[in-house]
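*Asks:* The lines below spell out each chain.
Protein chains: 2
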Amino acid sequence: MLPQLTFMHKLIITVLVLFSVHLVFSQSYTVNSPAGTISVSISNTSTLTYQVNYKGKSVIKSSQLAFKLTKPEATLANFEITKVDSLVHDDTWTPVWGEMNKIRNHYKELSLTLADKSQSGITLKVGFRVFDDGIGFRYEFPSQTNKYIIVGDELTQFSLADDHKTFWIPGDYDTNEYLYNTTRLSEIDAVTAANKEPDIAVKSVIGPDAVQTPLLMKTADGLYINIHEAALINYPAMHLNLDKPTLTFQSHLVPDAIGNKAYLENPSRTPWRTIIISDNATEVLASKIILNLNEPTSYTTTDWIKPQKFVGMWWEMHVGKATWELSSGKHGANTANIKHYIDFASQHKFDGVLVEGWNVGWEDWFGNWKEDVFDFVTAYPDYDLKELTAYSKQKGVQLIMHHETSGSAFNYERWMDKAFQLMNTYNMSTVKTGYVGKIIPRGEHHDSQWMINHYQRVAEKAAAYKIMVASHESVRPTGLHRTFPNWMASEAARGSEFNNAPALGITPEHTTILPFTRLMGGPMDFTPGLFCFKLNQFEPTRTTEVRTTLAKQLALYVTIYSPLQMVADLPENYEKHTDALQFIIDVPVDWADTRILEAEPGDYLTIARKAKNKNDWYLGAITDENSRVLNLSFDFLDAGKKYEAIIYRDGEQAHWKTKPEAYVIEKKSVNKKTKLKINLAAGGGCAISIREVK
Amino acid sequence: MLPQLTFMHKLIITVLVLFSVHLVFSQSYTVNSPAGTISVSISNTSTLTYQVNYKGKSVIKSSQLAFKLTKPEATLANFEITKVDSLVHDDTWTPVWGEMNKIRNHYKELSLTLADKSQSGITLKVGFRVFDDGIGFRYEFPSQTNKYIIVGDELTQFSLADDHKTFWIPGDYDTNEYLYNTTRLSEIDAVTAANKEPDIAVKSVIGPDAVQTPLLMKTADGLYINIHEAALINYPAMHLNLDKPTLTFQSHLVPDAIGNKAYLENPSRTPWRTIIISDNATEVLASKIILNLNEPTSYTTTDWIKPQKFVGMWWEMHVGKATWELSSGKHGANTANIKHYIDFASQHKFDGVLVEGWNVGWEDWFGNWKEDVFDFVTAYPDYDLKELTAYSKQKGVQLIMHHETSGSAFNYERWMDKAFQLMNTYNMSTVKTGYVGKIIPRGEHHDSQWMINHYQRVAEKAAAYKIMVASHESVRPTGLHRTFPNWMASEAARGSEFNNAPALGITPEHTTILPFTRLMGGPMDFTPGLFCFKLNQFEPTRTTEVRTTLAKQLALYVTIYSPLQMVADLPENYEKHTDALQFIIDVPVDWADTRILEAEPGDYLTIARKAKNKNDWYLGAITDENSRVLNLSFDFLDAGKKYEAIIYRDGEQAHWKTKPEAYVIEKKSVNKKTKLKINLAAGGGCAISIREVK
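Chain order of the listed sequences is S and B. Under our numbering, the residues of the first sequence are numbered 1168 to 1861, in order. Under our numbering, the residues of the second sequence are numbered 1168 to 1861, in order.
Hints in this document: simulated from the structure, not taken from any laboratory. From a predicted model like this one, the values you see are computed outputs, not experimental measurements. It is possible that part of the hints are untrue.
It does not matter which identical chain is used: a pair holds within one copy or between any two.
Unchecked claim - Below, a list of computed lysine to any residue pairs in the SDA-like style, where the Cα atoms sit at most 25 Å apart: (1) Lys1238 - Gly1426; (2) Lys1363 - His1331; (3) Lys1834 - Thr1349; (4) Lys1238 - Trp1532; (5) Lys1488 - Pro1669; (6) Lys1560 - Val1756; (7) Lys1585 - Ala1631; (8) Lys1370 - Pro1669; (9) Lys1314 - Thr1490; (10) Lys1743 - Asn1220; (11) Lys1370 - Met1267; (12) Lys1834 - His1515.
Modelling step: build the complete structure from the supplied sequences, incorporating the hints.
*Replies:* Next up, the structure:
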C-alpha cells in the first residue's frame, strides 16, 4: 500500500513540474496592503529580490532572498517561477488571554513556487503576507525528492534606505540580557557594547556588526521600522549582520555544535520574517502582525490556563537577605519563610507564591558545564512541600514551581515527566524554568535549533500536565503564545533583576525601549513592583539602586504586558506603602482592550487598558531620565459614563535618584471629556485606576 | 553542617600537603610482579616516565605520563612526588557468569601522589598494578580546589622496543567494524585500510597513524603484547596514535562536539591502561587482568541475569528473504513468521527469539541524522505483541526485544523508561540495542565521553527493570561486564553479518585474531552458526559467501565466548543438518573452567571449556585459510574418569570455498590419556562435546 502512495506522490509532483514548465510567469509582482499603505515588489531577474514601500517611501530597498544548503550542497539564488498563488484574508479571532479580546487578521498574500536552477533539484516557496502595518514572509520546502535538508545558511537581506537611528543589543547565541544601545546603523559596535556588560555570565557574541531582533529603527522623516520574526518553530533564532557600506542586514542563524543551522524534514517551513512599519510609534506597539502570523492553538481545552499575579522570595536572594543554597545558613526557601509569603499573598489576594532554591543542588550548580545538577523532585530538608501545599490551599494561594536547569536542557528532559507529575501531586499549575549557564548538549546554544525544539517540548509536555510556563534565559518570543498559550511569558531580555547589577544596571529609558523591541514578540516576566530603591538593605556595602520612582514601578504593570506579573519586592517593603500597593492589587493581568495613547522609544510611553468583563480602565505612563508633563485626555472612556480615577503620581520633589519614594495618591471623578496635566518626575511615571461609577 | 564539612575537608588536604613537602621521596621506583616475571620502573627526573620489562626483556621503553588540561589551562608533565603508597593484593572472586567460576586477582601496587609544578595547583595520582601476565595503570584526580577539570588531552605513551608485527584496525571515533590488518608497526596505514571498507556506513577515521585497542603485537623473539584499557567509565575511549620514527604510541582520546576530551568532577579517575605480556599466546587469551581491574558489581541481586542462546529472523533480512520495514511487502517481523521461530526455538530448547523490525519507523530510519525515528513502543500492525507473548510463554520461549536507536541516543533516553516498562509488561528480559548511524547529540561520537556515559545509563536503567543488554555499534568493551553483569555482550567489532558484505567480507583468519583483540575486553555477540554458505538463496545475483566450513561454525560457539549466543541461520537451513545442529543445542554459554590449548593469532586456536556443575567438556578448534592437523591431547580431563566424545569435524574434501558443508560426526570413548589427530580443512574447524560416562 505505502509504496503505491509514494509512487502516486512522485507522479503528482512530476506532473506539476511538467505542467508548470509550459507556463510562462511574469518575473515581477507587486502586492499592496488592504488599505494600500504598504506595497511589496518581488522581482526574479538574475536573482530573487523584494522591496518594501510605505506610503510611497522606500523602507526596504531591493534585497535578496537566498539560501545555502549543506545537504544537498547547493546555493539557492537563481530560480524559475513555476507557480503563483495569491489571496486576501480577513478574519477576527479571540486570544485565550492578552491585551485585547478581539484581534483582526487582514492581509493580502502572494506565494511563489520556485525551482532552483543550480541542478540541486530543490523546490522552494516564498510567501508574502502584506498588512497595513507591515509585512511577513517565509520560505517553505514542499514535499520533494530531497526529503531531508540541512540548512548551511539563510541569506535573507534587509537593505535599509538610510543610516537610521537604531535601538539594538549585540547579536549573541546565548543571551539577550543586554542593555539597549541607541546609535545610527553605521555606529553599531556590538563587541564593544558587549564588553561593557560584566554582569552577563554567559556570552557568545557574534561580531561587531551583529545585532538581535526585535530591532527598532527610526528614519530621519519619522518612520518607525521593526524587524523580527514570527512562529520560530524547529529552526534557529535569526540574528542580523549588518554590511555597513550598503546598510544591508543579512540573516545570521544560530549554529549548532558543528556549525549547521537547521535540519529540516520536508515539507518544512521557516519562521516568518516580519517588518512592522508606521509613521506613528503607537501603531508599532499596537501591531498584531506577529501574533497573526502564528498558528492558532491546537489545545482542546484552555480553561486551565489562568493569568495571574504572584509574589516570591526571589528578590531576597538578589539583595542578599537569603540564598538559593542551603549551606549558607540563610536559606530562603525554608518552610517558615514561605508561610510568611503565603500569608502576604493571601492577605492581598495574589494568586501565587514562587519558591526558588527549594530543591537540592544549589551548592554546586553554576559555571562548571555540569550535566547532572538538579533532579527537580528532591526538596531541601528544611522545605516541607507537603505541609506548604496544605497551608497554601487553606490560604487560597498556589505555590509556583521553579525548575532551574543550569543550562543542562538534556538533563531536564530526562526528569521532566517526574517533575511535572510532582507538580500535579502538589497542586502546582505554574512553573518558572531557567537556563542559566552554557547549554548541554555541549556546543548547542540557547538560540540554536535544538534548544528552540527543547523549549517547545517543554511547553507541550507542560500542557499535557495542564501546567503554565514562564521561561527565563530562553529564546526571545516570536508570538508562539498564540499556539502554546500555556507558555505564558519569558524573560529573554534585561529584566528587573538587573537593577541589582553593578556595572550598567537598568537605565530609566530601558522600559521605554523594551515595548518597541523585546515585547514585540510576546509577554515578558519583567518582575516589576520594587518599592525599596537603595539595594543595600541587607548588605550596607551594596551600591546598586533602582533607577525609577515608586509611581513608575506601578505604571510598569500597565506598560509591560504579561499575563504573569510578579509582585517582586519583599513584604516588609510593601508594608511601608500599602496605599500604593493597592494599585498592584487592583490592576488586572488580562485585558479586553488596549490603547497606546502616546509613545516615543527611549523617551516615554502611555498606555490605557480596559479590564475584561468590566468597564474599568487602568493607565500607565512612564518617562525616561527626563521629567515631563503628561497631557492626558480620557477620550478612550465610554461616552455618558461616570468614572472614579485613583491617580498614583510622582510627588513634587520626586526624582529617581534623590526622592524615588515621593508619590501622591488622589481621587478624581473623570469622564470621556476629562483632560488632565500630570507631572512625571525624572525616571518617573504615573498609574491610574479608572472605575465606572454606577 | 555542610560548610564545616567543606572546611574540615580543605583543612585535611592542606595538612597533607604541608606535611608532604617536608618529606623527600626517591625519584625512581621499581615494582616486580608477584612471581617476578614483569617489572615496572617509574622515574620522575625531568618528566614522569615508566618502562616495562618481561623476563629481563624491554617491552615498553621509557615512556612519558602526562596530561593537557583545558580547564584549568595547564600541561601536567613536571611533578613533585608528595606521597607514595604500595601494597600487595591477592584474592579470588566468582563472576556472575563467564569462562570460569573462580578468578584470582594477584598483583603488587604502587601509587604515587604528584603535585604539578606548573602552578596549576593540580594534584594527580598515578597507580600501577603489576601482575605476572601484565600491568595496569591509571590516573586519579583526588579531591582538590579545582573540583571540575576539562581534559584537553591525555598524553600517555607506549614506546615499543622494536618494529613489531601488529594486528590492527584503523583508529575511528564511530566504528570498530573493520577487518584486521597484519603489518609491522612502521607499515600501519589506517587511512588506506579504511578506504577499502565501503561496507561500513559511518566512519570517522582519525588519521594514517591511528589504530584502535585492543591492539596485539608480536615481537621477533616471540613475545605477545596486548595494549587496551579496563573500566572505561565517564571518559572517552582511548585510541592510539603512532609516532613512526620512535615507534611510540600516544593515547588519542575521542573528542566531544567541541573538541574537549573529558569533563571530570573530582575526585575522579581515568580507566586503567592495560598491557598484557606473555611469551605464550595462550596465556594472553587466559589473562584476567582486564576483568580484575574492573570494580565488583554493586547489584544486590543477579539471579535474574541468565546466559542464553537465541534464534531470530535477523539473518532473513541480511540475505534478502525479508525486510525490517513493513512497506516492502516482505516484512519479516510478522506474527506468523515469529510463531514459526518460536516453534523452532521451543523444539530445540533455545531460550529466546530475537525480533528485529517489529516497531514502526523502519521506512525512514537511516542516513538522515534524524532525531526522532523510533518510539520503541509502537509495533507494526502485522505484529501482535500480545498474542506472541502468550504463544511464546506457552512454548517455554522468551521474545527478545530490539531497540535500534539509529544513533539518536538522546531520543532513546527520552523513551527508555516506557520502552523497558513495555518489556516488563510483555515478559521480555533481554534487549538488543543498536546505534547504526551518526550520533545525536550531533557532534558526539560512538566512543566519546557522552556516549560512554549513555551506554552505562542504559545498562543501569535496564538493571533497574531486570533487563539484560546486548549492544551493537557500541564502544568496544573494557571488562565492565564484571561491574554491570546485565550488559552481557556487545558487537563492537566485525561480526558474522559481514559474511554478507560484498567488499572484504570476513576472511578465514578473522576469527583467529578476534580473541586476541576485540574479545580481550569482553563477550562479543558475533552471531555464529551459519549452515548455508552461498548467500544467494533468495537473491540469485548475490555473490557473498561464508568463508568457513560448517564444522568451524560449530567450533566458534566455543572459541568466541559470549553468555548470549545467537543461533543465527534460518530454520530451513538447520533442518538440513539437524545432526550438526545437535552440538549447538548441547553447547553451554556459561562455564566452570576454560583451557586455551593452543593459539596463534591469525593462524589457529583451540579451546576446551568445562560446563558448570557437570563434568562435561566442550572443545572448539579453528584454523585460518590453511588446513592443519590438530594434535589433540585430552589431558585436561579428570584422571580415572571415562568420557564419550562426539566429534564434529571437517569431511575429507571439506574446504571453505568448495565444500563447506562436508562434515563428519563420530563418537569416541576418551579419557585423560587419549591423544587424537584431527584434520582441519582450509577455513575449517572441529567441535567436540565430551561427556562423562558414569
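*Asks:* For every hint, state whether the structure bears it out.
*Replies:* Results of checking the hints against the structure:
1. Proximity of Lys1238 and Gly1426 under a CA criterion of 25 Å is satisfied in both settings, with 13 Å inside one chain copy and 23 Å between copies.
2. Taking the shortest alpha-carbon separations for Lys1363 and His1331, only the intra-copy value of 23 Å comes in at or below 25 Å, while the best inter-copy value is 60 Å.
3. In this assembly of identical chains, the alpha carbons of Lys1834 and Thr1349 never lie at most 25 Å apart, being 38 Å within a copy and 95 Å across copies at closest.
4. In the homo-oligomer, the alpha carbons of Lys1238 and Trp1532 lie at most 25 Å apart only across protomers (17 Å), although the nearest pairing inside one protomer, at 39 Å, exceeds that limit.
5. Taking the closest pair of Cα atoms, Lys1488 and Pro1669 come within 25 Å of each other only inside a single copy of the chain (17 Å); across copies the shortest separation is 72 Å, beyond that limit.
6. Taking the closest pair of Cα atoms, Lys1560 and Val1756 come within 25 Å of each other only inside a single copy of the chain (22 Å); across copies the shortest separation is 60 Å, beyond that limit.
7. Taking the shortest alpha-carbon separations for Lys1585 and Ala1631, both the intra-copy value of 13 Å and the inter-copy value of 16 Å come in at or below 25 Å.
8. In this assembly of identical chains, the alpha carbons of Lys1370 and Pro1669 lie at most 25 Å apart only when taken from the same copy (17 Å versus 51 Å across copies).
9. Proximity of Lys1314 to Thr1490 under the C-alpha cut-off of 25 Å is restricted to the inter-copy arrangement: shortest distance 22 Å between copies versus 51 Å within a copy.
10. With identical chains, the CA atoms of Lys1743 and Asn1220 are never at most 25 Å apart, being 54 Å at best within one copy and 82 Å at best between copies.
11. In this homomeric assembly, Lys1370 and Met1267 never come within 25 Å of each other (Cα to Cα): the closest approach is 36 Å inside a single copy and 56 Å across copies.
12. Only within a single protomer do Lys1834 and His1515 lie at most 25 Å apart by alpha-carbon distance; the minimum there is 21 Å, versus 94 Å between protomers.
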